[in-house]
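For this one, chain A is given, so just place chain B on it according to the hints.
Number of protein chains: 2
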Amino acid sequence: MDADAVAKAFVEHYYRTFDTNRPALVSLYQDGSMLTFEGQQFLGAAAIAGKLGSLPFAQCHHDINTVDCQPSGPQGGMLVFVSGSLRTGPDEHPLKFSQMFQLLPAGGNFYVQNDMFRLNYG
Amino acid sequence: MDADAVAKAFVEHYYRTFDTNRPALVSLYQDGSMLTFEGQQFLGAAAIAGKLGSLPFAQCHHDINTVDCQPSGPQGGMLVFVSGSLRTGPDEHPLKFSQMFQLLPAGGNFYVQNDMFRLNYG
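Protein chains in written order, with our numbering: chain A, 938 to 1059; chain B, 938 to 1059.
Bear in mind the hints are in silico, worked out from the structure with no lab data behind them.
Values in this document were obtained by computation on a predicted structure and should not be read as measured data.
Check the hints yourself; a few may be wrong.
Identical chains share a label here; the pair holds if one copy fits it or two copies do between them.
[Said to hold, decoys possible] Restricting the straight-line Cα-Cα distance to at most 20 Å, the calculated cross-link-like pairs of lysine to aspartate or glutamate (DMTMM-like) are: (1) 1033 - 939; (2) 1033 - 1000; (3) 945 - 975; (4) 945 - 1029; (5) 1033 - 975.
The following block holds chain A by itself, in its conformation from the complex:
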C-alpha cells in the first residue's frame, strides 16, 4: 500500500473504532503518545483512552470529508490531517472538526504518537 492508502485505511479504522467500540482505541496509542483535545493535554495510552471514554455522549458518528498525508521523519512516520463532521445522536446537529495524527511504525504496524483534535465552531 502507498502512504495515501495507509492513511485512509488508518482513518477509516480509527473512526469506525471510535464510533462502535471506543475502549478499543487504547490499542492505537503507546505510553509516550500525546493527545491534545480541545486544548486539553493527555500523555500516554491510559490517560488518552480515559479521556476519550469519558466524553459526554454515548453515541457518535464521524463523517470524513478530507484525508491528507505526508511522510514524517527518518523513522518512516506519517502525518495525517483529517476534516469532517460528527454527530452525537440522530437528533443532534453535525459538528465540524479537524484532527491531525502523527503515526509511527512499530512491529509492522503504526501507532498514534501525536493526536490533536479541534471542533470548528461556526
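Just chain B now, with coordinates in the frame of chain A:
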C-alpha cells in the same frame, strides 16, 4: 521560550508574513519541505512559494482562533495545529480553515518541514 510560546510566535509570524509580504514566506521552507494545499502537493521552498504566490487573491487577512502544539521526534521538532478564518477582501465572507505544520530546528531557528492546509466549508 517554552514550546507553546514558540508555536504562537511562529503562527503570528507566519500569517503576518502571509498577509503583508507573501513572497517572504519562501524563507520559512527548505528544499525538502512539503505543502499539501487543498489536496495539491508541492515539494521544496521554490514550488511552495510559487503556489502561495499564485493564489488568486491579492489581499488576505487571517484571524487565528486556536493554536495547539506538541513536540515531535528526536530532532526537537514541533507539531503546530491551527484553526482560524481568512478573508480575501473587505467585502468577502470569512472562510474557516485549519492548517498544520511540522517545524524542525535549523541554525537556532525553525523551518517548516510539513504544511497541510484545508478550508473548512460550511
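Here is how each hint holds up against the structure:
Proximity of residue 1033 and residue 939 under a CA criterion of 20 Å is satisfied in neither setting, with 28 Å inside one chain copy and 30 Å between copies. Taking the shortest alpha-carbon separations for residue 1033 and residue 1000, both the intra-copy value of 9 Å and the inter-copy value of 18 Å come in at or below 20 Å. Taking identical chains as interchangeable, the C-alpha atoms of residue 945 and residue 975 lie at most 20 Å apart only when they sit on different chains, with a minimum of 16 Å there against 23 Å within one chain. For the identical chains of this complex, residue 945 and residue 1029 are neighbours neither inside a copy (26 Å) nor across copies (34 Å), given an alpha-carbon limit of 20 Å.
Taking the shortest alpha-carbon separations for residue 1033 and residue 975, both the intra-copy value of 13 Å and the inter-copy value of 17 Å come in at or below 20 Å.
Hint compliance for this structure: hints 1, 4 are broken, all remaining hints hold.
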